[in-house]
Amino acid sequence: MDLTYTPEEQEFRARLREWLGKVLPVLPPKPSPDDWPGRRAYDLGWQRRLHDAGYADVHWDASPTMRLIFLEETEKAGAPYVGAGFVGLLHAGPTIAAEGTPEQRARWLPPILRGEEVWCQGFSEPDAGSDLAALRTRARRDGDDYVVSGSKIWTSHAEVADWCELLVRTDPEAPKHRGISWLAMPMDAPGITVRPLKTLAGSAEFAEVFLDEVRVPVANRVGDENDGWRVTMVTLSFERGTAFVGEVVACRRVLRELAGEARKNGRWDDPVLRRRLGRLNAEFRALWRLTQWNVSEAERTGGVPGVGGSVFKLRYSHARQELYDAAADVWGPDSLDLDRPWVLDRLSSLSYTIAAGTSQIQRNIVAERILGLPKGR
Amino acid sequence: MRFQLTEDQRALQGGVRELLARRFGREELRAAVDAPGCLDRALWRELGAVGFFALRLPEVQGGVGLGLPEAVLAFEEAGRTLLPGPLMATHLAAAEVPGAATGETVVADVGACGLVEWLAAADVVRGDAAGAVPLRSVDPLTPLHRVPVARGVDPVAVLLTAAEQLGSATRACELAVQHARAREQFGQPIGGFQAVKHLCAEMLVRTETARAAVYAAAVTADPADIDTARLLADEAAVRGARDCLQVHGGMGFTWEFEVHLHLKRAWVRTHRAGDATESEENLAAELLAQPI
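In order, the protein sequence lines correspond to chains A and B.
Numbered per the working numbering, the first sequence spans residues 1 to 377.
Numbered per the working numbering, the second sequence spans residues 1 to 292.
No wet-lab data here; the hints were simulated from the structure.
Computed from a prediction, not measured in an experiment: that's the story for all the values here.
It is possible that some hints are incorrect.
Said to hold, decoys possible - Pulled a few chain A residues facing chain B out of the computed Cβ check, cut under 7 Å:
| id | residue |
| --- | --- |
| 1 | Thr65 |
| 2 | Ala243 |
| 3 | Arg275 |
| 4 | Pro374 |
| 5 | Gly376 |
Unchecked claim - The following residues of chain A were derived to be distant from chain B, with all beta-carbon distances above 12 Å:
| id | residue |
| --- | --- |
| 6 | Gly45 |
| 7 | Arg276 |
| 8 | Tyr352 |
From the three backbone atoms N, C-alpha and C, an ideal C-beta is built for every residue, glycine too.
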């Protein structure tokens, strides 16, 4: 067991740090959270800078440890998040890289890496959430096109996306996992209506997408017809890999800021609160070690993260909510003031035990795929 | 960064597991419960012979010359099988007390909460055991005395205790899963019911998070890492045993089934390294100590 980094990894970190030190001070100001075109331009601009500096494909080609270092260092330096690039860089891109034809890879991957095109995700439906394979959006073959009708939900960045990675039902007669296909749908196609959804935090972070006879070329299908479920699982395993590295680093910083705040406002004198923060320190330190363990395991087994990601997500999503509940204890009545920092973060932390597989679904995954307990409800 | 067991570490883990399965299986565990306070001196010498106590002693001093990570793996296995005796005290005394390294001498330590484990069976006691009073120990496999003067606790003891807790938590999860697969009610294995399978999943989550913390502390020996390991491993062991008991239903409440031994030993270990609040306070203070 070794927690030291190789000379190569250390050099990668040093070069990255140096570059971040140069580039971050000259970034344009961050757009307001409601300014979607501004956010798109800002996030793509950052990806362009990463591309020009040689970091564009850090999520794909770099070793898991290099990726860990990249995410750790960018978070520590306060660099922009992946933002609008999320689906392209972390879902659709890796799927196309793994399952696409040479033509598909050549068409879609370079614009993702250069920060030119934004992707969104059309997986969940109003009646297909945890039971994703029950999705009903129908794609009917008509010549060289599929004609797609249905509706998708929880689609982030739908308003500003160029492409949507879309799961559709191509065979309604087949068992539910075997009649699904994966399509790249151009978001400017006729028949698409995007309706923003307001979250409990008061902002429109995602949208409903209605599809009415939308024509998508058959050439835009990645993988075989009716093989979309397997293709999708490739994508989801990426989502549960190193996705939270930056966030754990951020939580540890928030925790230190909270301790400083508590010391200033006198709450630190309460031993119950102090010990609660001490326990949270243990929690996030352990989560960091678990990240390092999972990354090392991915390194050993050749890259694709396994179900260990579910173990991590269960513990992390809960810890993040605990962190902001403790924060509310530190701030007292200030925790009711939306103009205070972190109050919106507290609200958004409520999504962590739901998004990307609820905690209940994650427990099923852990119990059935790691512990080998029988399927059943 | 290669934060995984090396081949040698796997081999050591497998070797200790194999030895303990052979020498301290179910029957020996039962026998130990039926003869409280009796230490198996032959097994103790055997542990000495394979280097359990001399594991971290340099080779020039007749030791095995390995480090904390290897010791953590060995103590994890001990925790897993509920191996009785003052293993920790004897291991920590290997360099100082003649015969401790070989298993000839059994050593007891005055602990941080003023408790002494295995005082009557020990040849040597470290710390002030004057005025020791026996108490009727809740754990049939750990005889306890109370002493008036507590002793400062060695961080290595905190870490190795956490390793034992980790082994115990791992075992409790395995036992719960075995039972949930085999036991049928309402015409199906109870592990098919989400209420039961989610208990098992949470046991694994706590165990694997604790594992990362304990192994990392073994590599760094950093005080904050050790406090972290201790808090996570205590939680994994105590709650793991509780949930394992729950999954077993009425059988879990019997003397016959071993889960109560895991729970009671886990309770004893939570006191061995001093109060948990101390670790919490240390980790709270650490938040202010380092720059943001």
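Okay, the hints, checked on the actual structure:
For the restraint placing Thr65 of chain A at the interface with chain B, the shortest Cβ-Cβ distance is roughly 5 Å, inside the 7 Å limit, so the hint holds. Interface hint status for Ala243 of chain A: violated, as the beta-carbon distance to the closest one in chain B is roughly 17 Å, over 7 Å. For Arg275 of chain A, the interface hint holds, the least distance from its beta-carbon to any beta-carbon of chain B being 4 Å, beneath 7 Å. Proximity of Pro374 of chain A to chain B holds as hinted, the smallest CB-CB distance being about 4 Å (cut-off 7 Å).
Restraint check, Gly376 of chain A versus chain B: the minimum CB separation of about 3 Å is within 7 Å; hint holds. Chain B leaves Gly45 of chain A outside its interface by the beta-carbon criterion, the shortest separation being 27 Å against a cut-off of 12 Å. Chain B draws Arg276 of chain A into its interface by the beta-carbon criterion, the shortest separation being 8 Å against a cut-off of 12 Å. Chain B leaves Tyr352 of chain A outside its interface by the beta-carbon criterion, the shortest separation being 15 Å against a cut-off of 12 Å.
The structure fails to meet hints 2 and 7 from the earlier list, while all remaining hints are met.
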